[in-house]
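Between the sequences and the hints, there should be enough to build the whole structure, so can you do that?
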Amino acid sequence: MTRFQTLLEELSRDLALPEPQRGRVLEELAADLEDMYRAYRGEGYGVAESERLTVDRVYPGLAVAAELERLHRPLYQRLLARLTAGARSRVERFGLVVLSAVLLGATLAGLPLDVLLTNRSPFLVPVLVLGCGALLVALWCTHRLFLAGAATARDAARGLGVLLLLILAPPFVAAVGLVIDFYGAAGVAAHDPSVAVSEMVGLLRSAGVLLLSSLLISLVAALWWLVLRSRVVSIRAAAEALQLRKRVVLLDAARGRDVA
Amino acid sequence: VGEQQVDIQAFAKGLHELLVLGALGAGPLHGYQIVLDVERRSGGRFVFQHGTLYPILHRLEAEGLIAGRWEEGAGRRRKAYRITAAGRRRAEADLRRVKDVLDCVMEIGGEQADDALSDAS
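Respectively, the protein sequence lines represent chains G and C. So for the first sequence, the numbering used here puts the first residue at 1; every next one is plus one. So for the second sequence, the numbering used here puts the first residue at 1; every next one is plus one.
It is worth saying that the hints were derived from the structure and are not from the lab. Because the structure is a prediction, the values reported are computed rather than measured. Quick reminder that beta carbons are idealized off the backbone N, C-alpha and C, glycines included. Check each hint, because a few of them may be wrong.
Ranges of calculated distance between the beta carbons of each label pair, as one might list FRET restraints [stated by the list, open to error]:
#1 C/75 - G/98: 15 to 25 Å
#2 C/105 - G/229: 38 to 48 Å
#3 G/158 - C/119: 51 to 61 Å
#4 G/79 - C/109: 45 to 55 Å
#5 C/8 - G/66: 19 to 29 Å
What follows is the structure, encoded as structure tokens:
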């Protein structure tokens, strides 16, 4: 128990951090408070003056505690904060999180993986490659716009056009595949009517699953594109309205402060 | 011109970071030692108050510009910080930037600055 125990307990209540981050911050502050006090005492200051100077220099004010809380927030909270950065109210933030979770869940639940992986359609690989490409480009854009802060407002939209093409491509390829598979099945049926029904059903089913999967992947990527697009718009609006140096706008955004 | 524009808030914040990096340039220090060192070496011009040092330390640590290490002693654990190679490079670059900005201010001040300096001497 140190002479600053009461203050540390107050701070402990104010710091809304999970363990072990909270414990580490408090431990560092407790040690520095005590050592700072001893340093002042060693210089000849009285007990009360040493305590006053120590608290004045080292003990965090409310704004500093809030900043420490922001810095040590767990990764998932920081990611959620990034995702909902454009929201203006708690309800909007909650809505964005729920919408994203529902769409992601629906995509995972809706993808008939067993049928998809045993799919015989020659269009399976192109659709999956294009879908993965869309997700990779979306990740790259997210990193640029929300985390790295290395781009300027002028080129903030870089990659979004390519992403849009990659979003539209998988359903298009799958739809073309559906038509071609249908004609292929019709050709088989013309030569051998005995296998016509089962062949037609099998081909159409696999092509349909492929089309459905590509639509789901594109839906998620499209939602992602909308989030990225809104970020680009807010960055440009902030740069224009505040007449700030464009790099500063993005750097501030990357540090978690909303300039817009 | 826009790319070189100085953001005053960011500039002031950068100064605090530079002071911390500068204090650690001489060797590893605990947080409270940095507070004392900066205050004394600046003649009381720069004072870290209300724990403002700690967010700076933790941010610099997260960016890899300084490295924190826990030390055991006298039944307590203390955290000491040392500057990294990346931190030294950042400090050098920031020093150049600060000098550029101050040169610019002095140039704009022109004769008034010269008069003030000659009066002071």
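Results for each hint:
1. Separated by about 49 Å at the C-beta atoms, residue 75 of chain C and residue 98 of chain G break the suggested range of 15 to 25 Å.
2. For residue 105 of chain C and residue 229 of chain G, the Cβ-Cβ distance of about 40 Å falls inside the hinted range of 38 to 48 Å, so the restraint holds.
3. Distance hint check: the CB atoms of residue 158 of chain G and residue 119 of chain C are about 53 Å apart, consistent with the given range 51 to 61 Å.
4. About 47 Å separates the C-beta atoms of residue 79 of chain G and residue 109 of chain C, a value consistent with the hinted range of 45 to 55 Å.
5. Take residue 8 of chain C and residue 66 of chain G: their Cβ atoms lie about 22 Å apart, and the range 19 to 29 Å holds.
Hint 1 from the list above is the single one not met by this structure.
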